[in-house]
Every structure is written in structure tokens, then in C-alpha cells.
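Using the sequences and the accompanying hints, generate a full structural model.
Quick note, the sequences are listed as chains A and B, same order.
Using the numbering used here, you'd call the opening residue of the first sequence number 1 and step up by one each time.
Using the numbering used here, you'd call the opening residue of the second sequence number 1 and step up by one each time.
Check each hint, because a few of them may be wrong.
[Unchecked claim] Partner residues are not named here, just some residues of chain A that face chain B (Cβ under 10 angstroms, in silico):
#: 1; residue: Asp310
#: 2; residue: His467
#: 3; residue: Thr471
#: 4; residue: Val609
#: 5; residue: Ala610
#: 6; residue: Ala614
#: 7; residue: Asn694
#: 8; residue: Thr698
#: 9; residue: Val703
#: 10; residue: Ala710
#: 11; residue: Val717
It should be emphasised that the hints constitute simulated quantities derived from the structure, not laboratory data.
From the three backbone atoms N, C-alpha and C, an ideal C-beta is built for every residue, glycine too.
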Amino acid sequence: MGRGLLEQIWPIFSAEAREQLAAISDGVMDLEDDPRSGALDLVRRTAHSLKGSAGSLGLEDLETLAHAMEGSLSRYDPAEGLSRAAVQGTLEAVHAIEEALARGDAGGEARVPRLPELLAALGGKQPALAAASAPAAPPAAPSPAAAPPPARPSPTVALVGQLEEACASLVTPLEPAARKAAADGAGDVARRLVELAGPEAPLCVRIAQAFAELGEGGPEGARAAARIAGDLVDLRQALEGPGVGADGTPTPPDSSIPAPAPTEIPNPDPDPDPATLAEHSTETSTPAETAAVAQVPSEKSIRVLASAMDSIARQLELLSLAESRHARRAREVREAGAVLRAVLRDLERAGLVLRLGGAEQLGALAPALGRLRGVAGDLSRIGRDGQRDADAQRLTGTVLREDLRAMRMVPAGVALEPLRRAVRDLAGRLGKEVDLVLSGAEVRLDRRVVDELRGPLLHLVRNSVDHGLETPDVRRAAGKPPRGRLQVRVEPRGTRVGVTVEDDGAGLDIAAVRTAAVQKGLITAEAAARLPDDEAARLVFEAGLSTASSVTEISGRGIGLDVVHDTVVRLQGTVGIAFRPGRWTRFDLDVPLTLAAAASLLFRFGREVAALPADTVERVLLLTDGDLGTVAGRASVKVGGAQIPYAPLASLLGSAAAPGERSRLRPALVVAAGGQRVALGVEELLGQQDLVVNALGTRLASVPHLSGAAVLDDGQVIGVLAAPELVRRAQPAAAQAGAAGPVRVIVADDSLTTRAAMKALLEIAGYAVLPAADGEEALQLLGTPGAQLVVSDVQMPGLDGLGLTRRIKADPRLRATPVVLVTSLDAPEDRAAGLEAGADGYLVKREVERGKLLELVRQLLPSRP
Amino acid sequence: MSRQREGAVDFAALQRRMDEAELVLGGELSAEDRRRILGERARAVAAVRNEARAAGVEVLAFRVGGERYAVEVKAVFVALDARGLTPLPATPPWVLGAIVARTRVVPVLDLRALLGLEGGGMTDLAKIIVVEHEGELFGLAAEDVEGKLEVPPEGLARPSEGPFAWVAPDRLALLDLSRVGTSAARGA
Numbered sequence: 001m002g003r004g005l006l007e008q009i010w011p012i013f014s015a016e017a018r019e020q021l022a023a024i025s026d027g028v029m030d031l032e033d034d035p036r037s038g039a040l041d042l043v044r045r046t047a048h049s050l051k052g053s054a055g056s057l058g059l060e061d062l063e064t065l066a067h068a069m070e071g072s073l074s075r076y077d078p079a080e081g082l083s084r085a086a087v088q089g090t091l092e093a094v095h096a097i098e099e100a101l102a103r104g105d106a107g108g109e110a111r112v113p114r115l116p117e118l119l120a121a122l123g124g125k126q127p128a129l130a131a132a133s134a135p136a137a138p139p140a141a142p143s144p145a146a147a148p149p150p151a152r153p154s155p156t157v158a159l160v161g162q163l164e165e166a167c168a169s170l171v172t173p174l175e176p177a178a179r180k181a182a183a184d185g186a187g188d189v190a191r192r193l194v195e196l197a198g199p200e201a202p203l204c205v206r207i208a209q210a211f212a213e214l215g216e217g218g219p220e221g222a223r224a225a226a227r228i229a230g231d232l233v234d235l236r237q238a239l240e241g242p243g244v245g246a247d248g249t250p251t252p253p254d255s256s257i258p259a260p261a262p263t264e265i266p267n268p269d270p271d272p273d274p275a276t277l278a279e280h281s282t283e284t285s286t287p288a289e290t291a292a293v294a295q296v297p298s299e300k301s302i303r304v305l306a307s308a309m310d311s312i313a314r315q316l317e318l319l320s321l322a323e324s325r326h327a328r329r330a331r332e333v334r335e336a337g338a339v340l341r342a343v344l345r346d347l348e349r350a351g352l353v354l355r356l357g358g359a360e361q362l363g364a365l366a367p368a369l370g371r372l373r374g375v376a377g378d379l380s381r382i383g384r385d386g387q388r389d390a391d392a393q394r395l396t397g398t399v400l401r402e403d404l405r406a407m408r409m410v411p412a413g414v415a416l417e418p419l420r421r422a423v424r425d426l427a428g429r430l431g432k433e434v435d436l437v438l439s440g441a442e443v444r445l446d447r448r449v450v451d452e453l454r455g456p457l458l459h460l461v462r463n464s465v466d467h468g469l470e471t472p473d474v475r476r477a478a479g480k481p482p483r484g485r486l487q488v489r490v491e492p493r494g495t496r497v498g499v500t501v502e503d504d505g506a507g508l509d510i511a512a513v514r515t516a517a518v519q520k521g522l523i524t525a526e527a528a529a530r531l532p533d534d535e536a537a538r539l540v541f542e543a544g545l546s547t548a549s550s551v552t553e554i555s556g557r558g559i560g561l562d563v564v565h566d567t568v569v570r571l572q573g574t575v576g577i578a579f580r581p582g583r584w585t586r587f588d589l590d591v592p593l594t595l596a597a598a599a600s601l602l603f604r605f606g607r608e609v610a611a612l613p614a615d616t617v618e619r620v621l622l623l624t625d626g627d628l629g630t631v632a633g634r635a636s637v638k639v640g641g642a643q644i645p646y647a648p649l650a651s652l653l654g655s656a657a658a659p660g661e662r663s664r665l666r667p668a669l670v671v672a673a674g675g676q677r678v679a680l681g682v683e684e685l686l687g688q689q690d691l692v693v694n695a696l697g698t699r700l701a702s703v704p705h706l707s708g709a710a711v712l713d714d715g716q717v718i719g720v721l722a723a724p725e726l727v728r729r730a731q732p733a734a735a736q737a738g739a740a741g742p743v744r745v746i747v748a749d750d751s752l753t754t755r756a757a758m759k760a761l762l763e764i765a766g767y768a769v770l771p772a773a774d775g776e777e778a779l780q781l782l783g784t785p786g787a788q789l790v791v792s793d794v795q796m797p798g799l800d801g802l803g804l805t806r807r808i809k810a811d812p813r814l815r816a817t818p819v820v821l822v823t824s825l826d827a828p829e830d831r832a833a834g835l836e837a838g839a840d841g842y843l844v845k846r847e848v849e850r851g852k853l854l855e856l857v858r859q860l861l862p863s864r865p
Numbered sequence: 001m002s003r004q005r006e007g008a009v010d011f012a013a014l015q016r017r018m019d020e021a022e023l024v025l026g027g028e029l030s031a032e033d034r035r036r037i038l039g040e041r042a043r044a045v046a047a048v049r050n051e052a053r054a055a056g057v058e059v060l061a062f063r064v065g066g067e068r069y070a071v072e073v074k075a076v077f078v079a080l081d082a083r084g085l086t087p088l089p090a091t092p093p094w095v096l097g098a099i100v101a102r103t104r105v106v107p108v109l110d111l112r113a114l115l116g117l118e119g120g121g122m123t124d125l126a127k128i129i130v131v132e133h134e135g136e137l138f139g140l141a142a143e144d145v146e147g148k149l150e151v152p153p154e155g156l157a158r159p160s161e162g163p164f165a166w167v168a169p170d171r172l173a174l175l176d177l178s179r180v181g182t183s184a185a186r187g188a
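In C-alpha cells, the structure reads:
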């Protein structure tokens, strides 16, 4: 097969082959569990079909392997069941083919290394492909469905071969006379084929006509040549089956008949009479057709490239921008009409005044004004019509978006099925026995949600098998059945979907989690002890936490429970964990059904604008100072009878506060996620729009408060916040990772004595002190491990106190850190310079001894629980 | 020797006389020897030129933070003006914001923050180079885009640190996109 043609067909073949491989491996595993399952037929047919398509593309390795798989399955005896070795052999072959496909996808050759070993494992022999003289019989099969008919006879094939040669020669430059002669000859051959080809007759007639056109030459001839090439491929496939390439490579012995339609069994008829064969071909569907039909005959579906859907979605977004512009133009036209009418009234009044004043020559004015009035009326009408059109367009756009949303919905099974193999592999490797129960595979979700969930689900499942479920011996000793049970459930919850991963293993070792968290510095030992069990369990979602004494190789990408958490949060979802020690562990994910355009609230906070999906905002409040109270030292507001935490969004995210006076009435958004709520103070509400949130990729996975970015209807980009993260940060128990533990203060001074003195002073007061010898060191410490306040001398070598202050205040991430300059310089100019650089406090060293430093530090630090 | 007088010119004789004259004038090599040697050298140089030149790598070079960097041309999605860059709320310093590139919304990263270079803020950044890596798009802000270069494979050194695939003799460094902006690379 020509390189170009192969490249064109490759993506389709690759996609289809992957589906077939998935079906084969699932079916084989089904058979292993339940030997009587009807999966055998499907698996064998699928292997046969794969063999056919691989063969038709000249991919010999894949074809041979698929053939061996088919053969091994046809030796299957239901009474004996499928041996583990056979299953293993098949799965390895599937895996090898997948790797070959991946090589092909990357542009390389789809060859299979270690082919002989794989074939041996499947018990197959390498069929003599190269020089097939006589059709060899396939391995003896118990069921009649497997016996394929012999190869088609050579006469028709030979004729097709002649046509192909003729076509090849006709595309080279020829003298008109020679071309006509060759075309005529080919036409004759084609006409002879018409008689022999039976149902393919119309195709042959078309080919004959095309050759005639080719003979004429010219642009028509060129087009005819293109058609002939395609038709010849179809013809050969139809007559011969998928086992032969268009360039006439010899037929492999027994691959001539296509996978039969589900209900039909082809007749093994050794008689090569063309007439009988014509009969046969009417009974079975052509290979091209069967290959194109989806594996699941129940649903009429077509395959679409995901990138095509993305492109449609983007065009729809552009369309919606156009819709808004349209509506705006129509409005402007109407307004222009209204203005014109007002001007007209003025003109008429002026004309009246002039006439009263005696001007007679106003004759022309009246008809002119009349015409203008007509124009004004037209403008209004056009504007109205325009608005109506824009409304209709918006409606169409909405329907289109709904349709696209539905198209993007795929069954959750897409993410669930791969879990079977993973569980099987891992359980086998670890010597554990696991029953995987999947439910809800038919629930449909947005493809993008499903795509994002694949990784987390895989990790959670592997986590359960690795750390949760115990070995059979341990289980028996604990009085549990030896086979562990792992259940993955997908269930619809209104506009959202719940995904649960539950195992009946050992539950969480909560003490180990607490210890690991304290060791990692995420939380102090006292705080860890104070945490109730269910909150302590959530510590597993912090980055870097591992209670496994040996790190098992879970996945090459280093995905951990923290990434599971972040991924789900990015989807505007939540993940929860519950467990019973020694009995079970359950992860509960809650994600939206779809990521399509959702109504979003736009608002300004601090100096920035952002958006939140409307369905995460319970209500909007307008607060006066009096509405804010404190509960347990934290700001809160009463909503619907309950006190919920309040935080200005700007300070929650550590971004700069708004300039100027705060107005008396401040809007607050009551945001809910995961059963908790928070009131977020913002400066101003800017409106509402339907926005499609675009994920920003894995590099921004560590910015959990950003769900993504969207394009507004005026083309501007806006950030979309992730409600769950905001709610989490605002909770009181969010004296959590990063802010837990004693307050860290950096003390920068080049004098060792001064450093030691201030360190002692602050430590007695209960602060953790990080000493630095100069500004640079202080900056480094601010980066890692970070601090809540900086006390710095002014005169230091290298980066001095003023420079340090300036650098801190210039960095958006560090800006919020208070800086106190402590110095021996007392002159007012020095003080002014310090404050100008941005210092939050300026003390002279004398004052430090008088306790002023501690007072200032306490004042400057945000309230701590 | 006048053409008119003798008809055909005897160039061989001419040559000999010139050679003799040169020898007399003080060359150590006869002109003939010199011609032979020069001829050999010429052939040698021509042979070097005719060697199939190993293909260089096609890169897009740009300047940021006072240094020159490059990305493989085949990884470049589009290069556009930084004018449409919008900051995103409360992002770390290495995220400048997001921009719309050919109807896609992509995050834009600050190489200066990722590599510890001088400079900050968006004033110097004029262009954004949007690259694609493993199916994801992201942008890198640049002060100036130099354009496409073909870098010969000789002399490329592998640097010991930093997210670079190689550094060329003229200090142009090719970014290894799998290590740019990832949490592993940031030491997060």
C-alpha cells in the first residue's frame, strides 16, 4: 500500500483498532471469569476483523498476531474454560499491538518485536504469508462459525489486477493515441468483469465508463483517473475480502471472507464457480461495510475526531460573540432612529416658528421633513427587525450549544473499563485477590469531564489495591472473605455526578497520616492531635504526604492523591474521604455533568476582575459594617439564621486591596461547595454572562483557586475561580497547611548579636524565627519556607533593608507580608525613606527594648485563631 | 609575442617561459608545483563542501530577561503580540495571565521567574510564543522574537542545570518544554 494512502487511513485504522483491542481484552477477561459468557463470538469476530483491516493495510505483524489470537480462541472449549495462560497470552498480544499502534501514531512503523514469542504463547503458527499457493485450512475449530470459505478464484482477481496495471500506466504521460488504446483495452477488461462480478457489477460499469473518460484525456480524464483508483480498491476488497492490498500482494490463505454479520454463517463451499460465489456475496456484507459498522450494533453511532468537536465548540463560541455584537448593533440602530425622530421634531418646530415669523419660501422644507420622517421610521423598523433577528439567532445558538453538549456526552464506561485491566494487573503483581464491581457505566458525562477523571480514577483504584486491600491471608485472619471487594460507582445527582471508589480493605491508618503530616511540617503535633478523625483523613490530599514505608511504583507520571484533589477541584468538583478502621475506605467525588457554557457572575475584587459559575453562588448580599460579626475570633456574617465565615476575596487570595475608601455597602457572594459556605466580600458586581471555562493545563494545576479562564462576549479574557478552593481556604479549620504552626518571622540583620537578641525576644513571645544575614537571604527564606512577617535592619551589605522592602512590596505574592524596619537611624528623613519604600512599621533600636517591637508585630499580623 | 605576427598563440610555450621567469624571480616552488598544490587544496575544500551536511535543527529564537532562548519550530503553535495578555487573579509570579491564541485560551508563563532572571512586570514583553507540548498549549512571554534559525548540530553542549535541551556555542539555549513550568521543574 502506498505510503500516502496508508498515512491517510492510519488515524481511522488506529482508532478502530484500539476499540477492537479494548473489546478483545474485556471479552477475554469476561470469559475467564465466566466461561459460559457469550463473549467468545464477539471476541473472535473482533480479532478476525482486526486481522482483516491490518492485512488490508499491509501491516503483516499485526495481521499475524491477530490471526494467532483468533486461532487460539477458536480452540476454546467451554467445558474447560479459558486457561490463564491463554488469557495472559491474549492480553500480551493486545498490549504488543497497542504499542505497535502507538509507534504508528508517532509516524513510525507498526512492527511488533518479539513476534515469535507472542505467537508461541498463543499457540499459533506463523501462516505462510509470502507465497500463498494453495489455500491452507485454518486450525480445526469446534464451532462451524469459524470455518471460513476458501479463497476466491483467480480469474476475477487477475482481471482486477490487469485494471490496476492499466490505471497505473495511464497516469503516466502518454501520447493521446497510446492513451486511448490503453484506456479502451482497460474498458474492455472492465466490461468483462461486469459479467463476472455479480453485485459488484455497477461498480465495474462505473470503472468502464471512467476508463472511457480517461481515454479522452483532459481535465475530465484526470478526475476520472482519481475515481478509478478508489473504485479499484473497493472492487478488489469486495471481490477478495480484506486480506489483499490494492497493489496485488498475494492473498493470505484464509483471510478472504469478512467478519460475518451477527446472524449469518458463511457457507464453506469449495466450489470456485463464479456464479455460486456471486450468490455468496449477496448473502454476506462486504468487508468494507462490516469494518465500518460499530462494534455495538444496538446504537447507531458514528466516529468523530475529538479535535473536530473542539473546533465546532470554538466556532460556536465565536458565533455567540457575533450574536452579541448583532444584538448591540440592532440596539444602536434603534437608538439612532429615536435620535433622528427627536431631531425631526426640533426641525419641524423650527419650521413652524419661521413660518409664523413670515417666511414663505419654506415650501421645500415640508416634503424634505416628510422624507426624513420616513427614514426615521425605517431606521426604527430596521432596528426592531435586527433585534428580532438577533434574538432568533441567539435561540439557534443556544440550541446548537445544547446539541453540542449532548454530543460531547460519553458514557462513563469509557473511564471505567480501563480500570479492570489495571486492577487485574496490580492485584496479580501484589498477590491480592480483588473483585472489581463497576456500576453506572451507562451514565453520560461531558467527554472533557470523563477525560479529566481518568487519571484520578486510575490512581484511586490503584491506591485501594495497593494500600487499602489486604492479602488473602491477612483478610482471612481478620475474618473477612479472602477476595477483596472494590466498587466504583457512577451515579447522577441532578446537574452533577457522583463517583465513588470504595474498598473493603483496612481503612486509613489515621495515626500514620497524622504522624506523616507532622513530619512534613504541614501541621503541628498539637494541632494534629486536636483534629477529629474525619478532618485528619483529609490530610491525605496534601502534597507530598505518603504513609507507605516503601514507595510503590504507582504510575510513571507521579500522580498522587493531591493531584486527584486538585484535578477534581479544577473541574469545580469536590472529593471527600471516609473510612472505618479495619473495614473500609471510601472516596467520594462530586463533579458537574458538563463543562459547557454555564451562567457566570462577573465581579471586581481588590484590583482585579474574575468570574464564578453562577451555580456555585447561593446568593448575593449587600453588607454594611454592622452586618459583620465575629465568631471565635473570625469575621462572620449571619445568613439565613446561620453564621458563616466572611472574608474579603482579595485578602483570601493574597492579592492587593482596592485603592481608596471602602464604600458603606459592600457586596458579598455567598459561595457554597461541598456542604460548606463562605461569604466573600467583593468591590462590585459587574454582571452575568454565559461562559465556557477553558482549563489552563497541568502547569497551572498548582494554582488551585483558578478553575480556568474564559472569553467574555467582548473578546476579553477573564479568570474563573474555583469555588471549592475558596470555600476551603475560608474555613476556620483552614489554619491548615502552610498557615499552620507557629507564626514564622524572618529577622534580617548583619550583626550576629542583634540577630540573636531579636530572635530570643520573638521566640519567647511564641514566634518561630528564621534568621537572615542580609536582604538576599531574607528573600530566599521568604520563598522557602516562607514567613508571615519580616523584621529587618536598614543598613546591611548587599541588599539593604530599604531594597528588601521594595522587593517584597513589588512582588504580588509577597506584597501582603508586613515589613518592620528596625534601625539605629533616627532622623525623620530615614523614617520617611523607610515608609516610602513600603515598610509597614519603622522602629528605632531603642524602642525595641521597650516592647514596641512585639506590640507592632502583634498589630501587623492577621488575626490567628 | 604578437598574435598578428604568429597566428595561433603557443600557450604552452608561454606558460613555460612564465614559469622560468618566476623561478628566477624567487619562488621556491615552480609555478607548476604551486598550481598543483593549490589544485589539490581546492579539491579538498570542494570535497568538504560537497559532504552531505547533517541537518541542523530548526528553532525559533527569542530574547527574554537579557538572554537568548529558542524552542523547536515544530513545537510552536503561533507567535503573537502580547497586547491581548490579561492577568489572572492572584497567580504566582511565574504566571503572567492568559491570552487568546487562534480562538484557544492559553496560559502565559514568565520565563524570567521560572529561570531566575532579571526583570519583572509586563512592560518589556512584546510578544508571546505559544507552544504545544503533549497536547497542551501554553505561552512564553518574550521581549523580542528573532525569528527562525537553523542551528547546526555541531558544538551543542548539554547544560547541567536548567530546563534546556542544549546550549549552542553562541549561548542560544533550546528549552526542553517538558521541564518548563512543570511543578517538578519548579521544585514545588
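To see whether the hints hold, each was checked on the structure:
At a threshold of 10 angstroms, the smallest CB-CB gap from Asp310(A) to chain B is about 9 angstroms, leaving the interface hint in force. Taking 10 angstroms as the C-beta cut-off, the interface hint given for His467(A) is violated, the closest approach to chain B being about 23 angstroms. A hinted interface residue such as Thr471(A) counts as satisfied when its beta carbon comes closer than 10 angstroms to some beta carbon of chain B; here the least separation is about 33 angstroms, so the hint is violated. For the restraint placing Val609(A) at the interface with chain B, the shortest Cβ-Cβ distance is roughly 8 angstroms, inside the 10 angstroms limit, so the hint holds.
Taking 10 angstroms as the C-beta contact cut-off toward chain B, the hint placing Ala610(A) at the interface holds, the least distance being around 5 angstroms. Look at Ala614(A): its Cβ only gets to about 18 angstroms from chain B, farther than 10 angstroms, so that hint breaks. Hint on Asn694(A) holds. Least Cβ distance to chain B is approximately 4 angstroms, under the 10 angstroms limit. For Thr698(A), the interface hint holds, since its Cβ comes within 10 angstroms of a Cβ in chain B; the closest pair sits about 6 angstroms apart.
For Val703(A), the suggested interface contact is upheld, since its CB lies about 6 angstroms from the closest CB of chain B, less than 10 angstroms. Look at Ala710(A): its Cβ gets to within about 7 angstroms of chain B, closer than 10 angstroms, so that hint holds up. For Val717(A), the shortest C-beta to C-beta distance to chain B is roughly 4 angstroms, which falls under 10 angstroms, so the interface hint holds.
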